[in-house]
Amino acid sequence: MININRILVLCWKEFLLLIKDPKARLFLIGPPLIQLFIFAYAATLEVKNAKIAICNHDGGQLSQNFVEHLAAAPWISELIETYDINQISDWIEKQVVLAGVIIPQSFESNILSQQIIEESVVFLYTDGRRANASQLVGGYIQNICDQMTREIQFQSVAPQPIARYWYNPNLQAIWGTVPALVAIISMLMGFLVTALSIAREKEMGTLDSLFVAPIRSFEVLLGKAGPAFIVGMFQALLMTLVGSWWMQIPFQGHLSALMLICAAFIYSVIGLGLLISCLARTQQQAIVGIFFMMVPCVTLSGYAAPIENMPMWLQYCSTINPLTYGLFGIRGVFLKNLSIFILLKLCAILVTIGSVFLGIAHHVFDNRLITGTS
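Counting from 1, one number per residue, gives the positions in the sequence shown under my numbering.
No lab work stands behind these hints, which were simulated from the structure alone. A few of these clues could be false.
Restricting the straight-line Cα-Cα distance to at most 27 Å, the calculated cross-link-like pairs of lysine-lysine (DSS-like) are [what the hints assert, rightly or not]:
(1) K48 <-> K94
(2) K20 <-> K202
(3) K202 <-> K13
(4) K345 <-> K94
(5) K94 <-> K51
(6) K23 <-> K13
With beta-carbon atoms standing in for the labels, derived distance ranges [to be verified]:
(7) L255 <-> P169: 42 to 48 Å
(8) S89 <-> Y316: 41 to 47 Å
(9) P22 <-> D90: 23 to 29 Å
(10) M148 <-> S89: 23 to 29 Å
Beta carbons: idealized from backbone N, C-alpha and C, even for Gly.
Using the sequences provided together with the hints, build the complete structure.
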């Protein structure tokens with residue numbers, strides 16, 4: 001039978017080891033905030049401060065209007081004019097510019113005469129080595145073309161869509177990035193605290209002395225998990241406060257709902273972290289295991305690319321990824337006040353995943369104790 005008092009004593013011992021170490025205290029507060037600021041402001045999927053080359057062979061009023069629209073675009077830092085198409089190719093090859101726009105001759109006359117021919121289109125050449133940025137630039141240029149189309153008299157009566165973006169009216173990427181970073185950074189820190197705990201005992205040779213005390217193996221795992229859970233919840237709350245107050249990310253839900261989904265998410269992360277720690281013989285192996293798991297977890301979570309775009313077998317893999325549900329839940333609480341029914345469903349899935357990983361970790365831990373292998 002599990003003894004709660006023994007677990008609490010071990011939790012307190014592990015927690016004291018963390019807070020009494022000055023380097024560990026700095027590790028608990030400094031790196032999460034530094035990563036939050038760096039990724040929130042630097043790691044964006046938007047195209048900003050792009051250099052675009054323009055080659056205007058027409059010179060008419062419409063082509064000049066197009067160039068003015070392009071120059072006024074907020075995502076362009078510099079618009080470089082040239083009359084040599086080969087120069088644009090050279091600039092793209094040398095990565096001087098991200099894209100080049102070519103306006104052919106007779107552009108204005110053919111548009112006004114409603115002739116859909118090659119001279120009434122705008123040519124866009126982009127750097128395919130930056131596929132995502134090229135796709136976004138293509139969309140931005142298309143928006144400018146659509147805007148000019150509405151300004152032309154003979155098409156002014158054409159129906160135009162009115163877009164309304166729910167939960168993020170201005171499509172600010174940072175609104176989705178910061179809640180995602182709360183989940184990702186909490187996962188990384190939870191991995192580090194738990195995965196290094198048992199591996200550190202093995203490396204220092206103190207694991208055997210721990211079992212001289214009247215304590216079960218499962219109680220050891222729970223005792224190691226306690227401080228990691230507290231640290232993870234503290235860091236999630238800290239990043240939430242910084243994101244809401246400093247970065248002005250709207251928080252539509254309730255703090256209790258956020259803490260609930262964070263608790264279930266961190267529990268699932270701790271289960272996986274303890275499994276890594278039980279499999280590793282040294283702290284170095286544990287760190288390698290952490291980064292081996294973090295990359296696929298982030299990739300399969302839907303953070304950078306929609307899960308629906310992945311092959312079916314990878315979509316199945318994403319269903320056992322704790323970050324998939326943590327990301328969805330934390331973003332949902334932040335931006336749209338996720339309903340309690342969906343929240344409880346996500347928590348149930350995360351607790352199930354965490355319990356499975358914790359059970360496997362206990363099995364591995366017991367087997368290694370019985371066989372005498374570390």
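Violated hints, by number in ascending order, as checked against the structure: Per hint list: 4, 7, 9 violated.
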